[in-house]
Each structure stands twice: as C-alpha cells, then as structure tokens.
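Protein chains: 2
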Amino acid sequence: MTCDKNDDRETGSTLKPKYDSNGLLSAVVTDDSSGEVLVIAFMDAQALQMSQDTGVAHFYSRSRKKLWKKGETSGNILSIVEMRIDCDQDAVWIKAKPAGPTCHTGATSCFYRVIKNGALEMVE
Amino acid sequence: MTCDKNDDRETGSTLKPKYDSNGLLSAVVTDDSSGEVLVIAFMDAQALQMSQDTGVAHFYSRSRKKLWKKGETSGNILSIVEMRIDCDQDAVWIKAKPAGPTCHTGATSCFYRVIKNGALEMVE
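Sequence lines, in order, name chains U and E. Residue 66 in our numbering sits at position 62 of the first sequence; the count goes up by one each step and never skips. Residue 86 in our numbering sits at position 82 of the second sequence; the count goes up by one each step and never skips.
No wet-lab data here; the hints were simulated from the structure. Just so you know, these numbers come straight off a predicted model, no measurement behind them. Keep in mind that a hint or two might mislead.
Copies of the same chain look alike in the list, so a pair counts if it fits in one copy or across any two.
Derived lysine to aspartate or glutamate pairs resembling EDC-like cross-links, with alpha carbons at most 16 Å apart [unchecked claim]:
| no. | residue 1 | residue 2 |
| --- | --- | --- |
| 1 | Lys101 | Glu86 |
| 2 | Lys120 | Asp24 |
| 3 | Lys101 | Asp11 |
| 4 | Lys73 | Asp57 |
| 5 | Lys120 | Glu86 |
| 6 | Lys69 | Glu86 |
| 7 | Lys101 | Asp24 |
| 8 | Lys22 | Asp11 |
| 9 | Lys120 | Asp57 |
| 10 | Lys20 | Glu125 |
| 11 | Lys101 | Glu128 |
| 12 | Lys99 | Glu40 |
| 13 | Lys99 | Glu86 |
| 14 | Lys101 | Asp35 |
| 15 | Lys22 | Glu76 |
| 16 | Lys69 | Asp36 |
| 17 | Lys120 | Glu76 |
Next comes chain U alone, as it looks inside the complex:
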C-alpha cells in the first residue's frame, strides 16, 4: 500500500499487476446485490487472465498449488459483474453474482463469524 504518487502504475490506464514474491495478488469478492464480502483469496497471473477471459472468478489455491476455478466442484461459480484493481495494483476487487453459497461449509459467505471480546460469534 505504500506507493509513489507519480507512479504510472497508480494513475495510469495500463494494467500492470504488482505480484508479490510468490507471484500473487490479493483478491476479494463481494456479492453484487447485497454488497456482502463472500471470500478472500489469491490470484496469480493465470487466474487473473482466466477471470478476465471467462467472466468467471478464478483464483490460485495456495494449498493445492494450482489454478482454482471457484465452483469447479460444487457448481457454485462466481460470475463477474465488475473487476477493479487498487492503487498499487497488488489487489483485486470482484463484484460477482454467486450461483450458490460461496463457502464450502454451505454458508452464503465465508465470513459467518464475528470476532467479539477475543472469541467468535455466529452471524444471523
């Protein structure tokens, strides 16, 4: 998040992703209708390209070390409505229409617990 104000990367119209030392960008997906944060993941160059090319969110799975099309197993894909990039181009925000629950637990969002007084409480 520390960026040079005169850097074309943050003022220009050229897509120049700034991948970290592992070749990754952060990626957050919100529900285009509710605005709720559904999931946070990572993208490598291939995932970013596939997301742009297909209109469906693709990530890089750090545990499986490979391209991950969200919903490839469950069918609960995330159709991209809009994709934004941040000032220093190391993070992506996707507004999406989810085909079903985003979380593998069956929850609408992966963020179903609030941190309160050092413990977790279920939302809703």
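Given chain U, put chain E in place with the hints provided.
Here is chain E on its own, set in the frame of chain U:
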C-alpha cells in the same frame, strides 16, 4: 480456503487465526455505510491484537516490515464497527467508519479503477 469440515477452527467459537508462512492474514476493509471496499492489506498477530484492543484498524506493512496503524500519518483512521473472520481463519473482514479518504492518493477507496478489456478505467 481448503478446510476440513470437522475442524473446530471453522465451526467453533475459538479465535485460532491461521497465519501463512509469513505470519500474515489477509484483511479487507469495507465502508460500514456504503459497503464499498476501501482497502485490502495484511495483518500479523500484533496488528490483529491492536485492532481488537483499540477499535482502530491496524495492519502489517510488508514494504516497511512493521506494524502499520492506518491513518497514523494522515489522520484518516478506520474505526472498526465489526470484525469478522472467515471459515479457515486466514482472512479478516472489517466493517469500518473511515475518518477521511482511505487511499493515500486522496481517493475514497483504493479501488478507483475498473479492469476492462485488459486496461484500466477510472470509476466515477
């Protein structure tokens, strides 16, 4: 995001953050009023603790390699309304009231450009 369904980490009420190999969690901040994504950053254990203790968002700056109180220089702090954690406890979602523009560029949000046909377009 690949988690064991029977893991207490994802069903329980105990805060057990799953830091990555660099000791970090992903963190996204949305504006509690507008729902807009303001910034994506990282938290280490200290930043998470400070955020809980003070009610103001703290992160870990990967470039400066130290604790980063958002707004420490600009005054544009992020007052935490609610903090959530995701299924496998490696990502945090903060809903906040920003004291001013979140981006160092002066923009309300760091996500002021849309990716369109491989290039960037300003929002608004």
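Indices of hints not satisfied (ascending):
Numbers 2, 3, 6, 7, 11, 15, 16 and 17 - these are the hints that the structure violates, sorted from lowest upward.
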